[in-house]
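Given these sequences and hints, build the entire structure.
Residue numbers (UniProt numbering), protein chains in the order written: chain A, 1 to 750; chain B, 1 to 750.
Quick caveat, the hints were computed from the structure, so don't treat them as lab data.
Computed from a prediction, not measured in an experiment: that's the story for all the values here.
There's no promise every hint is true.
Because identical chains share one entry, a pair is satisfied inside a single copy or across any pair of copies.
What the hints assert, rightly or not - Here are the simulated DSBU-like pairs of lysine-lysine, each with C-alpha atoms no more than 35 Å apart in a straight line:
#1 K722 to K306
#2 K608 to K475
#3 K116 to K207
#4 K64 to K237
Number of protein chains: 2
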Amino acid sequence: MKQTFDIAPWHVTTTKWSPEDKRIQESITSLANENLGMRGFFEEGYSGDTLEGVYLGGVWFPDKTRVGWWKNGYPQYFGKMINAVNFMKVIIKVNGEQLDLAKQTPSDFKLDLDMKQGIFTRTFNVEIGGTKLGFSFERFVSVTQKELVGQRIKINNLGSSEAKIEISSMIDADVYNEDANYDEQFWNILAKKADGDHTELVSMTKKNDFGTPQFTVGMKSTTKTDLSHKEDRVNEKSVENIFEGSIAAGAAAEFEKRTIVATSRDFDSESAITNYLDELSDALDAESFDGLLAPHIKEWASRWEKSDVEIDGDEGAQQGIRFNLFQLFSTYYGQDYRLNISPKGFTGEKYGGATYWDTEAYCIPVYLGVANPEVARNLLMYRYNQLDGAFINAKQQGLDGALFPMVTFNGVECHNEWEITFEEIHRNGDIAYAIYLYTNYTGDRSYVLHEGAEVLTEISRFWADRVHYSQSKNKYMLHAVTGPDEYDNNVNNDWYTNLLCRWTLQYTLDILDQVDPEVAKKLNVTEDEKRKWKGIVDNMYLPYDPDKKIFPENDGFMDKDLTPVSEIPSDQLPLNQHWSWDKILRSPYVKQGDVIQGLWDFIDDFSKEEKKRNFDFYEQFTVHESSLSASVYSIIAADVGYEDKAVELYERSARLDLDNYNNDTADGLHITSMTGSWLDIVQGFAGMRVRNGELHYAPFLPKKWNSYKFRQNFRDRILEVKVDKNGTDIKLISGDPITIDLAGKKLELK
Amino acid sequence: MKQTFDIAPWHVTTTKWSPEDKRIQESITSLANENLGMRGFFEEGYSGDTLEGVYLGGVWFPDKTRVGWWKNGYPQYFGKMINAVNFMKVIIKVNGEQLDLAKQTPSDFKLDLDMKQGIFTRTFNVEIGGTKLGFSFERFVSVTQKELVGQRIKINNLGSSEAKIEISSMIDADVYNEDANYDEQFWNILAKKADGDHTELVSMTKKNDFGTPQFTVGMKSTTKTDLSHKEDRVNEKSVENIFEGSIAAGAAAEFEKRTIVATSRDFDSESAITNYLDELSDALDAESFDGLLAPHIKEWASRWEKSDVEIDGDEGAQQGIRFNLFQLFSTYYGQDYRLNISPKGFTGEKYGGATYWDTEAYCIPVYLGVANPEVARNLLMYRYNQLDGAFINAKQQGLDGALFPMVTFNGVECHNEWEITFEEIHRNGDIAYAIYLYTNYTGDRSYVLHEGAEVLTEISRFWADRVHYSQSKNKYMLHAVTGPDEYDNNVNNDWYTNLLCRWTLQYTLDILDQVDPEVAKKLNVTEDEKRKWKGIVDNMYLPYDPDKKIFPENDGFMDKDLTPVSEIPSDQLPLNQHWSWDKILRSPYVKQGDVIQGLWDFIDDFSKEEKKRNFDFYEQFTVHESSLSASVYSIIAADVGYEDKAVELYERSARLDLDNYNNDTADGLHITSMTGSWLDIVQGFAGMRVRNGELHYAPFLPKKWNSYKFRQNFRDRILEVKVDKNGTDIKLISGDPITIDLAGKKLELK
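Encoded structure:
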């Protein structure tokens with residue numbers, strides 16, 4: 001745990017120059033707009049340790065699958081979002097010496113991420129080329145013009161003599177992935193140009209053997225500066241416009257670079273891409289930098305209008321929740337239904353920029369509250385559109401129906417650990433459950449009765465084929481699965497997975513009773529199939545321990561050595577850095593909630609006593625070594641009345657990256673876990689539930705706080721809920737009147 | 001299943017030219033002498049599909065470990081025996097046209113492996129260079145001079161005009177492993193020479209990052225021929241002596257190549273290697289080819305003298321058992337205690353030439369019967385000498401004591417599937433059990449009371465730390481293990497593993513009571529430790545099903561869908577080629593005996609009824625998709641009186657490779673499984689057991705056979721057991737008189 005930035009309500013700022021934290025700082029100052037994004041690396045280059053990552057949404061590469069021994073059913077490739085051609089590069093020389101903060105130590109250094117406006121600024125002074133200059137680097141990734149990234153650099157001559165400046169505005173295709181096998185590069189250059197104030201480079205992903213698409217990407221940068229154009233260079237793997245000029249002592253120079261990026265995701269030929277780049281750059285060239293910034297800033301204001309959370313009495317918590325929403329919205333705001341939310345978004349290579357079940361389990365519940373319903377609906381459509389891939393995945397396993405992938409870009413599985421790929425099939429249930437969540441929250445039944453019914457039916461077909469009937473127990477079972485607690489693998493009868501399987505089958509049967517005849521005809525679910533599903537629902541085995549009256553995570557769990565985690569010496573934690581894998585597997589320690597995840601999904605279906613007993617039992621074994629863990633425990637703790645525990649668990653997820661809790665923020669941010677802090681405040685502290693279409697609240701105020709206030713989107717309305725020491729105040733900010741339930745009392749809001 | 005060779009008692013012969021079976025033929029005609037060996041590839045080169053493999057015992061490379069996602073405790077590298085510099089190469093040109101049977105189709109083609117003498121001969125006629133020639137290629141890998149390989153080529157001009165011949169005797173370092181990552185090559189050349197009738201090449205394995213040894217290998221070939229020396233070539237990666245001459249119509253030419261190989265395993269410097277090569281080649285050059293062959297042939301005769309098995313009435317079975325013993329002895333005959341028996345020996349790349357638990361479980365019981373006790377003792381010493389590696393493996397898992405590796409060259413684990421590496425720990429018990437086997441069979445207690453006591457103690461320390469106490473069942477358990485049946489992974493309480501764990505602890509306690517004080521002092525087993533071990537022995541959990549009165553393979557096994565394998569459509573077999581891994585895992589199908597393996601180890605500890613019930617139960621689910629499986633089932637079938645079943649199961653392993661049962665002989669031979677046919681005849685059909693130092697037999701004669709006869713080494717004696725329709729005749733061939741038990745009757749042999 002290490003806090004690298006100062007605390008402020010709307011800014012993430014540091015004035016400390018600390019190269020040892022550079023990767024952490026780069027992660028935290030990442031910017032993105034769903035379509036593209038980058039880490040907060042230094043555009044002028046940095047010869048010390050850095051991860052220069054620029055990523056394009058939906059542009060990925062099917063890399064060779066690396067496994068120990070092949071197993072039938074493995075996917076052909078491991079998909080990953082590759083590091084894009086670096087269009088950010090701006091090489092700066094002062095009196096012949098290249099700016100490189102690994103070589104010149106800066107003073108008055110400052111990084112500032114403005115979360116309200118979506119702007120990252122970096123300023124510092126530095127002795128270079130025999131003089132002293134002040135630099136300011138500003139950048140934004142436009143949330144209104146998805147192709148656009150703006151950079152503005154100001155240079156002040158703080159010395160006593162003239163400074164000769166040379167600046168190269170570069171697009172550089174000589175980039176690597178850190179996770180590449182044998183240092184492979186992934187981009188072939190198709191065209192390159194450098195002409196006065198423009199550079200342009202068109203590249204294409206390397207050919208692969210897997211019949212998956214190759215991507216063509218065009219980039220065009222325009223420079224505006226008061227320096228003079230010196231020359232253009234078209235190098236083997238890069239293009240440059242070079243500018244030069246002198247800044248007198250006390251004077252300043254300005255340099256702007258605006259880059260637009262268009263890809264074959266949106267255009268069907270290389271010429272269509274370059275034509276579009278030309279058109280768009282002409283239009284944007286007419287605008288000033290501030291003119292480009294204005295709509296971007298306005299859009300951020302509108303996002304915050306719908307979603308801001310205010311916390312009084314805990315500035316760290318205030319900053320944390322805004323940072324989390326800022327990075328979540330940067331990663332995805334539902335503008336492109338072909339995109340999704342990778343666990344690290346555009347902030348690092350890990351998890352390969354792909355889609356996980358995190359989206360349905362942790363993100364959709366938040367987007368439902370903080371954005372228009374279309375955002376969540378687009379995420380549901382993403383899966384619907386990938387049904388063909390899910391058929392392939394099920395077929396790979398020799399099973400009927402659809403198995404949505406653990407990791408994917410196009411619906412086809414692209415991950416290769418058998419215990420995950422083949423076995424962590426609860427994901428299929430989570431994807432079904434998200435359909436229910438959306439429908440229950442929004443009241444919009446158009447998805448579930450059409451596309452949703454199809455998704456549910458195919459998932460149910462998978463479940464019905466994946467279960468087996470145990471003659472010895474006269475029950476249906478799911479053997480060989482891995483639950484959300486990945487510290488146990490390949491178990492029999494994971495309670496959570498069995499529960500979701502049973503629930504999905506029943507929900508599908510319910511929905512099938514309601515669909516239009518033409519939908520039913522298309523789905524073609526036979527009476528035999530329905531009978532079989534009903535039989536499974538009625539006879540599904542769910543582990544239960546009659547002594548402890550709890551739900552064992554899986555068969556065999558109660559036979560473990562049940563020593564609480566509190567008895568493990570602290571120098572052995574986190575377990576995943578200190579224990580061998582087999583020791584972890586046979587231990588009772590829980591990486592993230594499994595039974596607790598089920599209690600959250602079906603929070604109204606269990607009694608307070610049941611929830612309390614299970615929480616008490618599992619909490620003592622849970623190490624929360626997944627970033628997705630603590631927030632769910634916090635909600636259950638709040639639900640059963642463990643308020644202090646709920647707050648303690650909330651704190652683990654609220655500032656996970658800002659405080660580098662898991663010592664891995666350097667790799668990128670935990671985008672999908674960032675949702676946890678919002679869920680804890682809204683579902684946990686405020687007790688928000690939607691029951692039969694009605695909003696319910698049962699709030700409490702964390703002891704340390706003076707108040708908290710959040711805005712929530714619900715069925716064409718914006719509500720504002722404020723909880724302080726005097727109680728709860730709920731306002732209708734916009735939309736039609738509505739009756740809500742506050743701690744058991746009906747309240748009509750107008 | 002496909003029989004590619006003719007049946008004959010002492011020969012494996014074919015006269016069919018079938019390029020589509022070439023790899024199978026190469027595997028089957030492999031030759032080796034424990035120190036080095038090669039597949040029966042064509043030395044003149046073959047531009048069609050071939051696997052040119054030459055391998056050196058104990059020379060290996062630690063390749064990069066390829067895994068999906070890293071797990072704590074994984075080894076640093078994946079070890080493999082690399083394809084050696086190819087010293088067999090002899091390029092032949094006739095009137096300028098190169099001999100290459102992928103291009104010229106041969107007639108009168110014949111491959112002949114003479115198992116009695118250890119000679120592989122290949123003859124054919126071919127139209128080439130406008131004429132017709134007859135070729136004979138003969139080779140042997142000397143079992144008396146471990147460095148020596150001899151090749152003899154005879155060329156007869158069958159045409160009507162003179163044939164101009166050019167022959168290059170080559171040592172070629174431009175070799176690949178088929179399993180290499182990204183086509184890496186592993187050999188760097190240190191020195192090369194070609195001088196008249198000698199070529200010499202010294203090479204060294206590539207540098208690796210793992211602190212494991214690099215190997216230096218020197219090779220020197222000498223040519224004797226009636227052709228004239230033309231020139232020498234020293235190429236970038238090879239060296240050649242080139243000879244030329246003309247063969248008149250009806251005349252013949254001869255060409256001999258003898259190669260010696262010395263490595264840094266035996267010499268500590270490059271100069272020591274080359275000096276030895278010079279000395280040895282001088283000595284061998286004085287000998288004729290037949291002079292070199294003579295002691296080799298004599299040694300094979302002596303091996304057969306001790307071990308031959310004769311079967312009357314089933315020529316296929318006769319050929320099968322001899323082939324199995326021939327290839328087993330070629331792979332290992334106990335001459336070098338630093339070497340071991342890789343599952344594919346010197347016949348292919350798969351299994352990487354490394355040591356597996358196959359050695360202890362399947363090979364030691366055979367060597368005890370067919371060779372001097374030193375052979376088995378050397379195999380025990382191999383493990384003792386690798387104790388340091390076993391300490392490292394246990395420590396990698398955070399555990400006490402010694403964990404012998406699943407796959408190794410030097411004692412350190414070099415395999416990287418977590419479910420195997422971390423979990424298939426029964427191997428530790430098998431290695432302990434082999435100590436008992438050796439001691440019980442030979443009566444020699446010198447190993448078990450010294451080195452063996454140390455091995456047993458450290459294995460017991462591992463077990464005692466690996467078990468956990470289950471508070472819910474009040475029993476010691478082993479969770480997260482994989483048994484010999486690798487079609488179930490990461491299970492709890494594998495009956496076989498738990499049984500071996502308990503047995504090892506008790507056996508170790510027994511042995512510790514008998515060791516000398518200075519041994520006890522060195523081992524330093526405290527009374528606390530002994531108490532703990534005793535506690536585990538007394539309270540070890542062993543799965544038992546009271547309904548079916550059988551031992552469930554593991555917890556959860558009885559909950560599976562227990563549909564017999566006979567109900568699986570035959571086009572889905574073998575499962576490992578048709579079913580996804582997860583489907584296999586959750587099925588009840590058994591790859592190789594797990595409970596049955598335990599019944600074999602402790603065959604006298606269970607009643608006939610117990611064995612029968614378990615055999616009946618498991619046989620219906622067993623698919624025998626490991627080559628190690630059927631032979632053990634055969635022994636248990638014989639033991640419980642299922643004679644026909646025993647014979648049927650025997651047949652699956654007796655001609656496994658000759659008939660390409662598993663459709664994978666092309667990859668190499670199943671060396672360690674070849675032991676199965678001997679075990680089935682001796683332990684199964686003849687019912688041989690050693691009880692309290694006494695030999696017991698309870699033979700039956702397979703219905704199809706007229707008789708079988710085998711020789712067996714037992715405590716300084718050679719016995720011959722003959723079973724025919726009139727009964728059993730047991731003779732003492734050499735050694736002191738001995739009393740044996742034949743079907744319950746004591747018999748004194750003189």
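Requested in this report: First find the shortest C-alpha distance between K608 and K475 inside one copy, then the shortest across copies, and answer within, between, both or neither for a cut-off of 35 Å.
Outcome: both (28 Å within a copy, 34 Å between copies)
Query raised in the report: When no copy is named, should K64 and K237 be tagged within, between, both, or neither for a Cα gap of at most 35 Å?
Result: both (24 Å within a copy, 30 Å between copies)
Query raised in the report: Using 35 Å as the alpha-carbon threshold, which applies to K722 and K306: within, between, both, or neither?
Result: Within one copy only: 15 Å inside, 93 Å across.
Query raised in the report: Within a copy, between copies, both or neither: where do K116 and K207 come within 35 Å Cα-Cα?
Result: So K116 and K207 fail the 35 Å test inside a copy (41 Å) and across (55 Å) alike.
Checked against the numbered hints given earlier, this structure breaks only hint 3.
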